[in-house]
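Taking the hints into account, I'd like the entire structure generated from these sequences.
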Amino acid sequence: MRGLIAVLLTAAALSVRAQPIFDAHLHYSHDAWDVVPVADAIAIMRKAGLRRALISSAGDDGQQRLYTAAPDLVIPELRPYRSRSDVGTWFRDESVIPYLEDRLKKYRYAAIGEFHLYGADADLPVPRRMVDLAKKFNLFLHAHSDVDAVERLFQQWPQARILWAHAGFDAPERVAAMLRKHRNLWCDLAFRTDHGSGGKVDPAWRAVFLEFPDRFMVGTDSYTPERWHYIPEHAEWSRKWLSDLPRDVAERIAWKNGEALFSSFQRP
Amino acid sequence: MEKRRSPVFVLSAAVALFAGTAGACTPALQGAIVESAHYVLAYKASPEVGKHFSLDVAVCAKPGSPAPATLKVDAHMPEHRHGMNYVPSVKPVAPGRWHAEGLMFHMPGKWEFVFVVNGERMSQAFPLSEVIFTEEEKAKVLRHGPWPPTWRRDPSNRVSGRREAVELGERLFFEPHLSGTGSVLCATCHVPFRGFQDGRPRAFGLEEVDRNTPSLFNVGLYRWYGWDGAHDSLWSQSIRPLLDLREMRATPAHVAAVVRKLFPGDYEKAFRRPPPADDEEMLVDVGKALAAFQETLITGRTPFDQFRDALEGSDAVSINRYPMAAQRGLRIFVGKGNCSVCHFGPQFTNGEFADTGIAFFKGKGQVDSGRYEGIKKLRDNPHNLLGRYNDDPARTTATGTRHVELQQRNFGEFRVPGLRNVALTAPYMHNGSLATLRDVVKHYSELNEERLHFDGERILRKLNLSEAEIDDLVIFLETLSSTRGP
Numbered sequence: 001m002r003g004l005i006a007v008l009l010t011a012a013a014l015s016v017r018a019q020p021i022f023d024a025h026l027h028y029s030h031d032a033w034d035v036v037p038v039a040d041a042i043a044i045m046r047k048a049g050l051r052r053a054l055i056s057s058a059g060d061d062g063q064q065r066l067y068t069a070a071p072d073l074v075i076p077e078l079r080p081y082r083s084r085s086d087v088g089t090w091f092r093d094e095s096v097i098p099y100l101e102d103r104l105k106k107y108r109y110a111a112i113g114e115f116h117l118y119g120a121d122a123d124l125p126v127p128r129r130m131v132d133l134a135k136k137f138n139l140f141l142h143a144h145s146d147v148d149a150v151e152r153l154f155q156q157w158p159q160a161r162i163l164w165a166h167a168g169f170d171a172p173e174r175v176a177a178m179l180r181k182h183r184n185l186w187c188d189l190a191f192r193t194d195h196g197s198g199g200k201v202d203p204a205w206r207a208v209f210l211e212f213p214d215r216f217m218v219g220t221d222s223y224t225p226e227r228w229h230y231i232p233e234h235a236e237w238s239r240k241w242l243s244d245l246p247r248d249v250a251e252r253i254a255w256k257n258g259e260a261l262f263s264s265f266q267r268p
Numbered sequence: 269m270e271k272r273r274s275p276v277f278v279l280s281a282a283v284a285l286f287a288g289t290a291g292a293c294t295p296a297l298q299g300a301i302v303e304s305a306h307y308v309l310a311y312k313a314s315p316e317v318g319k320h321f322s323l324d325v326a327v328c329a330k331p332g333s334p335a336p337a338t339l340k341v342d343a344h345m346p347e348h349r350h351g352m353n354y355v356p357s358v359k360p361v362a363p364g365r366w367h368a369e370g371l372m373f374h375m376p377g378k379w380e381f382v383f384v385v386n387g388e389r390m391s392q393a394f395p396l397s398e399v400i401f402t403e404e405e406k407a408k409v410l411r412h413g414p415w416p417p418t419w420r421r422d423p424s425n426r427v428s429g430r431r432e433a434v435e436l437g438e439r440l441f442f443e444p445h446l447s448g449t450g451s452v453l454c455a456t457c458h459v460p461f462r463g464f465q466d467g468r469p470r471a472f473g474l475e476e477v478d479r480n481t482p483s484l485f486n487v488g489l490y491r492w493y494g495w496d497g498a499h500d501s502l503w504s505q506s507i508r509p510l511l512d513l514r515e516m517r518a519t520p521a522h523v524a525a526v527v528r529k530l531f532p533g534d535y536e537k538a539f540r541r542p543p544p545a546d547d548e549e550m551l552v553d554v555g556k557a558l559a560a561f562q563e564t565l566i567t568g569r570t571p572f573d574q575f576r577d578a579l580e581g582s583d584a585v586s587i588n589r590y591p592m593a594a595q596r597g598l599r600i601f602v603g604k605g606n607c608s609v610c611h612f613g614p615q616f617t618n619g620e621f622a623d624t625g626i627a628f629f630k631g632k633g634q635v636d637s638g639r640y641e642g643i644k645k646l647r648d649n650p651h652n653l654l655g656r657y658n659d660d661p662a663r664t665t666a667t668g669t670r671h672v673e674l675q676q677r678n679f680g681e682f683r684v685p686g687l688r689n690v691a692l693t694a695p696y697m698h699n700g701s702l703a704t705l706r707d708v709v710k711h712y713s714e715l716n717e718e719r720l721h722f723d724g725e726r727i728l729r730k731l732n733l734s735e736a737e738i739d740d741l742v743i744f745l746e747t748l749s750s751t752r753g754p
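Line by line, the protein sequences give chains A and B. Residue numbers for the first sequence follow our numbering, beginning at 1 and rising by one. Residue numbers for the second sequence follow our numbering, beginning at 269 and rising by one.
No wet-lab data here; the hints were simulated from the structure. Take these hints with a grain of salt, some might be off.
[Said to hold, decoys possible] Below 27 Å or equal to it, Euclidean Cα-Cα: the simulated DSS-like pairs (lysine-lysine) are:
(1) B/319 x B/359
(2) A/200 x B/645
(3) B/644 x A/200
(4) A/47 x B/340
(5) B/330 x B/340
(6) B/630 x A/47
(7) B/644 x A/47
(8) B/644 x A/240
(9) A/47 x B/632
(10) B/645 x A/240
Next comes the structure, spelled out in structure tokens:
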């Protein structure tokens, strides 16, 4: 009997380990290129068991290099930052738009983001023109925003598809309310712990995941070069808390939602 | 709303110079004393920068001198070569007593009062602090004391505070045979005359390790141990370097054998039982004796403590002895620098962990994840406070260990170190990457906010300090060091 239990436990563990991960929140910014070279970055993602990853970088060349090296793995998104210091100023910087236009002419992307945008700033001219570009090129918006800014983005473009970074760092009840209101809103769960601490899913979050199993993805958020080495750890951490959900829900959040959403960005 | 400012600092100058003796006569006023060949003068004033103030003066004549009949009062700044912008009026109020009005010090700095009694000139320097602390700032300053703290034994260590255990711990601390090679002792890295650290960026026991040797000053007061907080008691932490292959490279059996051979009597006195046969038990007891010794390494009082207590007791004389630059630096520390948010309380640490924008690569392709790995190690450690070696039957000491949560933001966080005697413990940060206190202050002044998560700790922002402000903050930090050892 003990032997059988051991076999079953091992099988369960292998099953958990085998869970692929779609990482919806990675950055490969300029300060990472030397200390985590492209080959190392790709190796880290493969070691972590990432099926695919949505990657942006401050200094757009980053994820383009990764995409060239591993088109089966990397889905590029275009960040409106030439360096990360643009994070607090880009929405008033007119030069951001020609920069985006130039990159969109040259390369193919799945999304514009991740960008930081709060409240009424979303209605400033630069974000509005960015939304127009997303509309023109049929791209997702990956918004690190509060509820107010998300609402304003939807007002500008009701058909927008918005990936809400970190689920807005908002409470599960508010996230659920937003998901009920907006059919084209999805969330990544990067850099937050409250939903799955200690390998257990928080009850309030569980209710939201079960109500909206198609609307969530996980993400590491490699905002410093060092955090590239957190990707495997994050994948393992995600597998643990996901294993506390029904298998089909866990699979969707782990990778199927990402695959479905970005299916237009076909593997080569 | 304008913040109410403490009058303490402006009063300080008024009574800072009481030091003189009354000599041959005693003026009929308690105040600062000035003395000339024929007269002793006392005065009382409470100047604030940019505000008119009055002055009460009493003069007595020394034996054989004529009674004081006339008084002129003035003030000037010798270094600036100018006086006041106002001429005070001086009125007699009683024999030998005057009241002067209309004075104003229109800038902070080194003023000098000039008194002329019966044509005889006398003067006294009167430094007027430019550092005016708000009530809020004052409250923050007071929270950094009192010092030293009341000593409390560690309930998780049954020999904590026991004299015989302290003595045994001290012997073990300097015992090279505890290491596997017989060549490394605790004091190899924790060098007493180097502030109980080694002055190196990264520690070197038998090999170089990844982190800076933390000082042992006030180590008994911490909640977590090691830069990553992988240990929850001082005795548990004390075991770690014994067994680390790069530090002392011993085994439990080796440590136990050394104690049984070299210290059986000392052990029996300290633990009130013969050395145990179980090696692991002995190893833990070695950790507890080492901890008992290290708990005694409490730093002495510092110039800051004198100032802090003076501030609390409105002791203006002592307040004014604290250098102006240190006062300005302290104001940055508790004010716009926000340093005291993490470097909180009498020990200047909140005892927790933070990502301060320091890179945490430890080699090509390797990172030191700090607190993230520390929590995992803590949970796996059989010597943690949830385990059988905790001598606290109530396990109240284990509350932190029981409840600590592993969070995504822990990746790259390191312990907030205490700042007492900080000037004696260079280099700084978890990897010793900053050589001087000035480098540390400049790190925060020029903080690379790109390394911090946008939704991370919002108190960490680039301070953009001027060179003078950096100097002041460094001078303040230097006043946190005691002039005598622990």
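Ascending list of hint numbers which this structure does not respect: 4
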